[in-house]
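For chain A, the structure is supplied; the task is to place chain B on it using the hints.
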Amino acid sequence: MRLPFSPVDVLWVVVKVLFAIVGVGLNIAGLLGWVERKQSAVMQDRIGANRADIFGIKILGLFHPIADAIKMLTKEDFVPKGVHKPLHGLAPMISLGCGMFCLAALPYGGVVSFAGRAWSLQPIACSVGVPLVLAALAFGVHGIVMAGFASGSNYGLLGGLRGAAQMVAYEVCLASSLAGALFIYGTLDLQQSVLWQTQHVWGIVVQPLAFILFLTAGAAITKRTPFDLPEGESEIVGYHVEYSGMKFGMFLMTDFFESIVVCGVITALFLGGWAIPGLNLTAMAAAGGTTALVAGALMVVSFVFKVMLLLFLLMQIRWTLPRFRFDQLLDLGWKNLLPLSLVNLLVTVWGVYLWR
Amino acid sequence: MAMTVRVVERPKRTFATQIFLIEVWKGLLVTFRHLFVNLARHTAYALGMRGGEPGAVTIQYPEDPAVLGKRARTRHRLLKREDGAPRCTACLLCETICPAKCIRITAENAPSVGVEKRAKSFDIDLGMCIFCGYCVEACPVDAIHMDANEVEISRGTRQDMIWNMAELLGDVPKAPKVPGAAR
Chain A
1 MRLPFSPVDV LWVVVKVLFA IVGVGLNIAG LLGWVERKQS AVMQDRIGAN
51 RADIFGIKIL GLFHPIADAI KMLTKEDFVP KGVHKPLHGL APMISLGCGM
101 FCLAALPYGG VVSFAGRAWS LQPIACSVGV PLVLAALAFG VHGIVMAGFA
151 SGSNYGLLGG LRGAAQMVAY EVCLASSLAG ALFIYGTLDL QQSVLWQTQH
201 VWGIVVQPLA FILFLTAGAA ITKRTPFDLP EGESEIVGYH VEYSGMKFGM
251 FLMTDFFESI VVCGVITALF LGGWAIPGLN LTAMAAAGGT TALVAGALMV
301 VSFVFKVMLL LFLLMQIRWT LPRFRFDQLL DLGWKNLLPL SLVNLLVTVW
351 GVYLWR
Chain B
1 MAMTVRVVER PKRTFATQIF LIEVWKGLLV TFRHLFVNLA RHTAYALGMR
51 GGEPGAVTIQ YPEDPAVLGK RARTRHRLLK REDGAPRCTA CLLCETICPA
101 KCIRITAENA PSVGVEKRAK SFDIDLGMCI FCGYCVEACP VDAIHMDANE
151 VEISRGTRQD MIWNMAELLG DVPKAPKVPG AAR
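Protein chains in written order, with the working numbering: chain A, 1 to 356; chain B, 1 to 183.
Any given hint could turn out to be false.
Using C-beta positions, here's what the derived DEER-type ranges look like [unchecked claim]: (1) A:Q44 with B:P140: 46 to 52 Å; (2) A:V201 with B:A16: 57 to 63 Å; (3) A:Q328 with B:T58: 32 to 38 Å; (4) B:A85 with A:S244: 37 to 43 Å; (5) B:V7 with A:G186: 54 to 60 Å.
If you want the ones that stay clear, here's a sample from chain B, every Cβ over 10 Å from chain A, calculated [said to hold, decoys possible]: (6) V7; (7) R10; (8) E108; (9) P140.
If you're looking for bench data, these hints aren't it; they were derived computationally from the structure.
Every residue gets a Cβ at the ideal spot worked out from N, C-alpha and C, and that includes glycine.
The following block holds chain A by itself, in its conformation from the complex (with noise of 0.2 Å):
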């Protein structure tokens, strides 16, 4: 009987989906920690997290993300009275698991050329990437109306909706900043979308007010300040009230896995994706052999390290401006970022349309 996938093929994916998941998530997240404790504290005058150490070593408080991931895992799991425990075990797990398929889906390299077969970089390649990362994403909030309903406190139940009213205000506008790139793109594929870059140029240049809404909007997605309002802790705890241990610490990873996102979808859509300037990567990456090994690597460096540069940016908006009252939210997502975007679409349709 003949496979219609080669063993190979499977074993090349999982190996993919693991980089994507374990690689890039879970370091990426963990060294979020410690930038989002560390980059505060400079720009604030402070010094930050220093003390925790290994054998006397600090290097700069690195290890205080080993130091938080001990602590979650051997916490107590504490489940308080009145929760529905089925949804309450449930909710971390559909917002981490969103967070870890979109994770999955991002392009870290285009297709090289070794050992005589096609190895795509992308661990789930897809050619409706887009719809469904945004999709995952939007299903991501799930989660977070769960965790605050499954609570059995008001306060839990407060952030879930927030959570949900959040989502009505920037889901609109997330997608529509991107259908005039993507019409540009002529793709709903997040790789054809870098490789039309490639020969063209970076989405950034042709749809300039498209990079700064869905900027905006997916600051929003990840839940973190200004857009914290699901969490809001200086008013109420939010939809992780109840939750303590690595469940709490789930939620807490979702927020960064969805950050490292957000700025890989902006990274492929408007940032080249995986592209050097003034290098010829799909060239050398079809060339096979050793140059197709260093195109590949170098494919997957300049993809994370844009990634890693907008999650600093991301950061310093986090740093720098205080939460958004809940009318300002939906005024802003409605009144001004989807008027923008339709407008946006409107013109590059018509540009589009005159240029052809």
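This is chain B only, laid out in the frame that chain A set:
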């Protein structure tokens, strides 16, 4: 007396402020400036160029000494007269005014002619003290101060939190805090 009224203009809500982008960018400029200036200072310090502006205002407390204000209320101290006897006349005003009821004084007759009474024992339970400073205010003979400039007063047991007269006078050193010696 005529009141001086200063009218504070509300910031105008113009289009430029309402689209957020410009204001956000202004805020980002401030934080980015702090970030990079402080990073440069930290780097200069790490490279051995000491003496420049510090990159942070943090006091690394257990390693560096705590910086106390001039008027900070810290651990109590009993004062002595010129002849070396405690100034305290056991009038119990401090014990009376203490809202936390952390002072215990027993009085006895004083041998000297100048004062009638003196304290036989004078205990302050620092575990209960709220550092309000009323005892210092109440004392008519200026016998008690809160200027020992010592803030590390924690001990392993409640009993060890009580300071007796000799310790408050500074005649007998209080046993230092022994880490892990609780109970």
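The hints, checked one at a time:
Between Q44 of chain A and P140 of chain B the C-beta distance comes to about 47 Å, which sits within the given range of 46 to 52 Å. Checked against the hint of 57 to 63 Å, the C-beta distance between V201 of chain A and A16 of chain B comes to roughly 30 Å, which is inconsistent with it. Roughly 34 Å separates the CB atoms of Q328 of chain A and T58 of chain B, a value that falls within the hinted 32 to 38 Å. Evaluation of the 37 to 43 Å hint for A85 of chain B and S244 of chain A yields a failure: the beta carbon distance comes to about 59 Å.
Checked against the hint of 54 to 60 Å, the pair V7 of chain B and G186 of chain A passes, with Cβ atoms roughly 59 Å apart. Listed as a non-interface residue, V7 of chain B keeps its Cβ farther than 10 Å from every Cβ of chain A; the least gap is roughly 26 Å. A cut-off of 10 Å between C-beta atoms confirms that R10 of chain B is not in contact with chain A; the least separation is 17 Å. Every Cβ of chain A is farther than 10 Å from the Cβ of E108 of chain B; the closest lies at roughly 51 Å, confirming the non-interface assignment.
With a closest Cβ-Cβ approach of about 46 Å to chain A, P140 of chain B is found to remain outside the 10 Å limit, as its non-interface label requires.
When held up to the earlier numbered hints, the structure conflicts with 2, 4 and fits the remainder.
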